[in-house]
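Numbering of the sequence shown is given in this note's numbering, commencing with residue 1 and proceeding in unit increments.
It is worth saying that the hints were derived from the structure and are not from the lab. Take these hints with a grain of salt, some might be off.
Unchecked claim - Simulated DEER-style distance windows between Cβ atoms:
| hint | residue 1 | residue 2 | range |
| --- | --- | --- | --- |
| 1 | 172 | 105 | 37 to 43 Å |
| 2 | 29 | 115 | 36 to 42 Å |
| 3 | 80 | 139 | 38 to 44 Å |
| 4 | 12 | 161 | 39 to 45 Å |
| 5 | 71 | 163 | 19 to 25 Å |
| 6 | 80 | 163 | 28 to 34 Å |
| 7 | 35 | 120 | 32 to 38 Å |
| 8 | 120 | 166 | 15 to 21 Å |
| 9 | 161 | 120 | 16 to 22 Å |
| 10 | 114 | 153 | 14 to 20 Å |
| 11 | 33 | 164 | 32 to 38 Å |
| 12 | 106 | 85 | 15 to 21 Å |
| 13 | 170 | 66 | 16 to 22 Å |
| 14 | 154 | 85 | 29 to 35 Å |
Remember, predicted model here, so these are calculated numbers, not experimental data. Every residue, glycine too, gets a C-beta built ideally from N, C-alpha and C.
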Amino acid sequence: MQTNQCITLIKHFQMLARYNTLANLRIYQACSQLSRAELTRFRPSFFGSIYATLNHILVCDRLWLARFASNTVKNYDLNAILYETFSELEKARIVEDGHIESFTQNMAEEFLQETIKYYDRDGKFQEYSAILLLEHFFHYQTHHRGQVHDMITQTEIIPPVLDLHRLLRPYAGMYLN
């Protein structure tokens, strides 16, 4: 891959990291208006509640960042509730988003040429290009954040606007040219 292509891809992933941070801020701001009962109320979805889905996203963010750093991750639970209070979860989300942005800001061109090797939950060896897994990393966040957004519509709270181009408008010179 040529240097210009790598630089363009790095900027792309930096843009997605910034969007991820901004979208999470909006989702968490909306969720902060909900009671514990509303956050944990069963709703038909992959993880059964707003709170469980927010925890799942954080679990997977940590898992993928560890894989990108070539760290071995064993015995992880995709349904884990990492934090018992919304306040703790929100603080951890902010820290994790900082890690994600830092990761993309410090990404080397060579990383984009790598193959990420890891064992999945079933213990099966997996091997994919870093570019594919980075795209997956950001798309799965959007996917599950969309589920949270849908569950918010089932409450009294108006869900936030999460359109990429609207959230990144203040950064147009950096990403949208």
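To see whether the hints hold, each was checked on the structure:
In this structure the supplied range 37 to 43 Å is violated for residue 172 paired with residue 105, their Cβ-Cβ distance being about 19 Å. At roughly 38 Å, the beta-carbon separation of residue 29 and residue 115 lies within the given 36 to 42 Å, and the hint holds. Remark: the range hint 38 to 44 Å for residue 80 to residue 139 is contradicted by a beta-carbon distance near 22 Å. The hinted window of 39 to 45 Å between residue 12 and residue 161 is violated, with their beta carbons roughly 22 Å apart.
Judged by the Cβ atoms, the range 19 to 25 Å given for residue 71 and residue 163 is violated: they are separated by roughly 34 Å. Take residue 80 and residue 163: their Cβ atoms lie about 30 Å apart, and the range 28 to 34 Å holds. Our hint of 32 to 38 Å for residue 35 and residue 120 holds, since their Cβ atoms are close to 36 Å apart. One distance hint, 15 to 21 Å for the beta-carbon pair residue 120 and residue 166, is violated here, with the actual separation near 35 Å.
At roughly 35 Å, the beta-carbon separation of residue 161 and residue 120 lies outside the given 16 to 22 Å, and the hint is violated. Checked against the hint of 14 to 20 Å, the C-beta distance between residue 114 and residue 153 comes to roughly 40 Å, which is inconsistent with it. For residue 33 and residue 164, the hinted distance range of 32 to 38 Å is not satisfied, since their beta carbons lie about 23 Å from each other. Here the CB-CB span from residue 106 to residue 85 is close to 31 Å, at odds with the stated 15 to 21 Å.
Between residue 170 and residue 66 the C-beta distance comes to about 31 Å, which lies outside the given range of 16 to 22 Å. The supplied range of 29 to 35 Å is broken by residue 154 and residue 85, whose beta-carbon atoms lie about 22 Å from each other.
Of the numbered hints listed earlier, those contradicted by the structure are 1, 3, 4, 5, 8, 9, 10, 11, 12, 13, 14.
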